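K.L.:
Both chains are given apart, each in its own frame, so use the hints to dock them into the complex.
These are the residues of each chain, in order.
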Amino acid sequence: MPDRTLGVLAAVFVAAAIGGFLLPQWALFLSTVAIAKALVVLGLMILWRTGLVSFGQALYYGVGGYAAGLAGRWLGLSDAILLLLLGGAVAAVIAWAVGLLLARYREIFFAMLSLAFSMLLYGLLVNTEALGSTDGVNITQPSFLGYAPGGGALVRSVYLLTIVTGLIAAWLVQIFLRSTIGQLASPIRDNEIRVEYLGVSVRSVIHLEVVIAGALAGFGGVLTALAVGHIDPEMAYWTTSGGFVFVTILAGTGSVIAPFLGALLFELVQSFAMTYTPDIWQLMLGAALLLTILFVPGGLWSLFERRRVGA
Amino acid sequence: MIAPVLEVQGLGKTFGNITAARDITVAVPARQTVGIIGANGAGKTTFVNLITGYLKPSCGRIRFEGNDITDLSPREITRLGVGRSFQVAQVFSTLSVLDNMAIAIGIARRGADAIWRPLRTRRLLDDAEAILDRYRIAAYRHAVASTLPQGVRKLLDIAMAVAAGPRLVLLDEPTSGISVEEKYEIMEVVIGALAATGLTVLFVEHDMEIVERYSERVLAFYDCTVIADGPPAEALHDQKVKRFVVGETLHRSARPAAAQVRA
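Residue numbers (my numbering), protein chains in the order written: chain A, 1 to 311; chain B, 312 to 574.
Bound-form chain B, shown alone (with noise of 0.2 Å):
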């Protein structure tokens, strides 16, 4: 049997006398596409970052293709060939979308000679074009990052998490604080540029209709822990999915002192 890309064991962090995460344990196989949901506060965030190494697990262990990266630095973890994008989308706010993702694709590629060979190269600037093409934010080569809108920004972290051609790649509420319309363009480009790649997908999400139609699989967080694991038409109709994560999603706006309560 192939080893797992992704293997999370008993996976727990406190912070004091506070618990983030208890007890998660997931295997991912290759190419599996995983949509992970929950309220606010059940543990998602919490859940990218132990796994990308900006938090320290307090126990458990996670291998990433059977390497042991439990207590590796982002930067070890990022090498290995795991990507992440953010909540709020961490680009270079002052420089170009081209150069930002020049600066991806050059240190992707860039080995011990990286001090003297120039980054700018022709080939570098072409590709990087392609990739911007490819995420639909060649228009924007020339904006300066700041300025960009909300979705482009996003689009763009994501396209430099994997620039260097990860196996994993972990979204953090990719679509997060844009607008409905703009969700599902969002995801159709994402999802289509990164299938493209043969990579494993985690990705974080709040709609559910955007779960079902682009995860294979779902994991249900609440109450910083795994309650419900399998493909969505079973995931999202799980008795305690449903009480817990589902239905406080769909009656946010009816309930929202109940939305209140985990935030």
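Isolated chain A (complex conformation) (with noise of 0.2 Å):
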């Protein structure tokens, strides 16, 4: 069976590249934001699929973040890409150790009990000195292969870095995706019992997928936190999550191409709201959320798909 969506993340990929030498620099910021949010997204879309709601993806998202200013502040370590597999690597063995538990559980006590261990990394970073407390830890200036930017050309580096970790993210969730074991996210849903009896272990793909939300969340932190170039306790806290799910809702859960739409259009309308309605941007965000739930319930992909189906 051919795979459109791979021909379309790649054209995408080459419009985006492209755009990164002709857009301001803000737009370039605000792409890179948008992107790692999108990664953490695609995480918790696998989860979605599955029925399982994560509120605490926020945890792995700080995790991320915090590795690689750490990691710059304790080993002088300064390599953007390393920052980055270091960040991923961090956030998926943690995923790991909290999947333990959390594969046990389903629905609101799993939303719940991944909510409780992101507050508890948000606790630890605000009560810790040695992690910058409440001030939270400025990142080192990065370098890629040994190439130093500064101003305008770091932007570039690390949205054109953005981008290709995107890619190669979108990339792989897709042929999970299409797997054995990405198909069986509807059945666990469906039917446990039916996909024990077929001698699969519910438990194990539930873990699994765990992990691979918690290293895109990873990696999600670690592009952010070079973006911004400041890492904070408030990447771990709950409304932080909060957010990651809210744009779920918003995107839909189709298509790997999704998050990534859902995340741009999220941090446009977040960024104009806060530019000409200070006052009551939070209203306009939820404003947003509400029409979406009423009007488009499956989300802003699936307006896409209706109209695939139509044609």
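Keep in mind the hints are simulated off the structure, nothing from the lab.
Errors might be hidden in some of the hints.
To be verified - Some, not all, of what chain B presents toward chain A, calculated at C-beta under 7 Å:
id, residue
1, Ala415
2, Gly417
3, Arg421
4, Gly488
Claimed, not checked - What follows is a list of derived Cβ distance ranges for each label pair:
id, chain 1, residue 1, chain 2, residue 2, range
5, B, Asp334, A, Ile293, 52 to 60 Å
6, B, Gly488, A, Pro297, 31 to 39 Å
7, B, Trp427, A, Trp96, 18 to 26 Å
8, A, Ala17, B, Arg428, 28 to 36 Å
To be verified - A few chain A residues that don't get close to chain B, going by computed Cβ distances all over 10 Å:
id, residue
9, Asp3
10, Leu22
11, Leu23
12, Leu86
13, Asn127
14, Glu129
15, Ala130
16, Ser143
17, Ala153
18, Arg156
19, Leu160
20, Val164
21, Gly182
22, Gln183
23, Tyr197
24, Thr239
Owing to the predicted nature of the structure, the values given are computational and were not obtained by experimental measurement.
The beta-carbon is built from N, C-alpha and C at its ideal position, and this holds for glycine as well.
P.N.:
Structural data, given as structure tokens:
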């Protein structure tokens, strides 16, 4: 079976790469943060398809950001690619450990337990001077395989690293979703007994998904840290997790492209709302979510799907 | 002598002080088709649940092809080659019939590379169609499972249970909730499809005519244990079976109160 999504991904990537040399700096920064968050949402999407909602993805997002920040501060590590791999790996290990427990739970218990773990990290960060406490940590200026840009070139470099990461992640997730294990998402949501009686451990599949989602959130955290140049405990706070769930609903879970679309729109709406209606921007976001749930319950992506079916 | 496919010794199960199975000893050789009969509450489903790991026995051993499976989990038992269908068909209700089948075959075939290799290959879908055809439900291939008639759901459940090519399959009331005319149709399809694969089959059934027609051997359950074991011609005419199992079934409509006693 041919997979059109991979072709679309490649085309979007080429356009985004060209955009990296044409778009103004603010747009590159906004896109970088959006794509970084989209990586987190990509992981949430995998869980969502399995019938699980994590209200604690900020845990891995925060772990990724802090791994990058502290590796720079303590180990003098500045290579962005190394930081990225390190942040993703640390987040994956944490997700594996948390997943041992989390994979036993479903529904609201899964959601609340993941929230609880993320608040543990938040509490730890806020109360530990060595980790910067509430002030957080500044990121040492990153280099890219020996190239150490500054100013506008740095913004573009982080952007390019982000779109490459986004492409690879979306590509791999797409392959995963089409694989036998990936295709077990709906079956597990539907009927765990039948899945077990087909010879599959539901718990192992969910554990694997938690690790994949954790690693993706870790990558997102590192890229956000590199783009912003600073990390603080807010990254691990529950409202950050809530934002990711928000984008998941806004985007829809029908395609690996949806999280990127949803995250870009979210960042745009948020930054315009903050600029033009600084006092009521949360109200604007709330209204956007309400309208999504009322009129496009399948998320933005469902608009594309419906048109494709009609065509 | 070849080891029996299924060997059950002194099997028992209690929940607190309630007995659900006691002292069951049975050996089933390869390729035998065994009908399991008994009134409601006699322990038939408990027996199936114990063998397939859904319940853990309180005592006794269960061996499959010589391997002790007493303490294994349902998925471990499934992987060894034991399939089962359910009294209430267990299918993926939000997926199409074809997708249900594709998942079942996909799991059976994929090994460690199940994370990377796509599930939906042309070949796998063709094979799924072929199985649906064999179970005469191919016409429903694109129907969502929750919308299926009861009989089709049952057939899909059974087809999925044997997708992995097990050597032993347990069918828990394959014809329950199905009209009398349809029952024979379903048994014809199921027994026909299973016989072609040389499987050992245990099926729970309330309809004595169906048991007589499709089984080579009958296990009659009463009061949580086996009270008769033999060819249908003998077992169905056993005095105890007549009194506790067959009689009750035949006269259920005439004696509703008696039928309720063990329900």
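K.L.:
Was the hint right that Ala415(B) lines chain A, CB cutoff 7 Å?
P.N.:
Hint on Ala415(B): holds, closest Cβ of chain A at ~6 Å, below 7 Å.
K.L.:
Determine whether the non-interface label on Leu23(A) survives the test: each CB of chain B must be over 10 Å from its CB.
P.N.:
The claim holds: Leu23(A) sits with its nearest Cβ about 35 Å from chain B, beyond 10 Å.
K.L.:
Gln183(A): least C-beta distance to chain B exceeds 10 Å?
P.N.:
Non-interface label fails for Gln183(A): nearest chain B Cβ at 4 Å, not farther than 10 Å.
K.L.:
Does the no-contact call for Tyr197(A) survive, Cβ to all of chain B over 10 Å?
P.N.:
Check fails; 6 Å does not lie beyond 10 Å.
K.L.:
Return holds or violated for the Cβ distance of Gly488(B) and Pro297(A) against the range 31 to 39 Å.
P.N.:
34 Å, holds
K.L.:
Take a look at whether the Cβ-Cβ distance between Trp427(B) and Trp96(A) falls inside 18 to 26 Å.
P.N.:
Given a distance of about 20 Å, which is inside 18 to 26 Å, the answer is holds.
K.L.:
Is it true that the C-beta distance of Ala17(A) to Arg428(B) lies inside 28 to 36 Å, as the hint says?
P.N.:
30 Å Cβ-Cβ, so the 28 to 36 Å window holds.
K.L.:
Closest CB-CB distance from Thr239(A) to chain B, is it above 10 Å?
P.N.:
32 Å, holds
K.L.:
Holds or violated: is the Cβ of Gly182(A) farther than 10 Å from all Cβ atoms of chain B?
P.N.:
Given that some Cβ of chain B is not farther than 10 Å from that of Gly182(A), nearest at about 8 Å, it is violated.
K.L.:
Far enough from chain B: is every CB of that chain over 10 Å from the CB of Ala130(A)?
P.N.:
Given a closest Cβ separation of 38 Å, the condition holds.
K.L.:
When you take the CB atoms of Asp334(B) and Ile293(A), is the distance between them in 52 to 60 Å?
P.N.:
Holds - the Cβ-Cβ distance for Asp334(B) and Ile293(A), about 58 Å, lies within 52 to 60 Å.
K.L.:
Is the shortest C-beta separation between Gly488(B) and chain A less than 7 Å?
P.N.:
18 Å, violated
Hints 4, 9, 21, 22, 23 from the earlier list are contradicted by this structure; the remaining hints agree with it.
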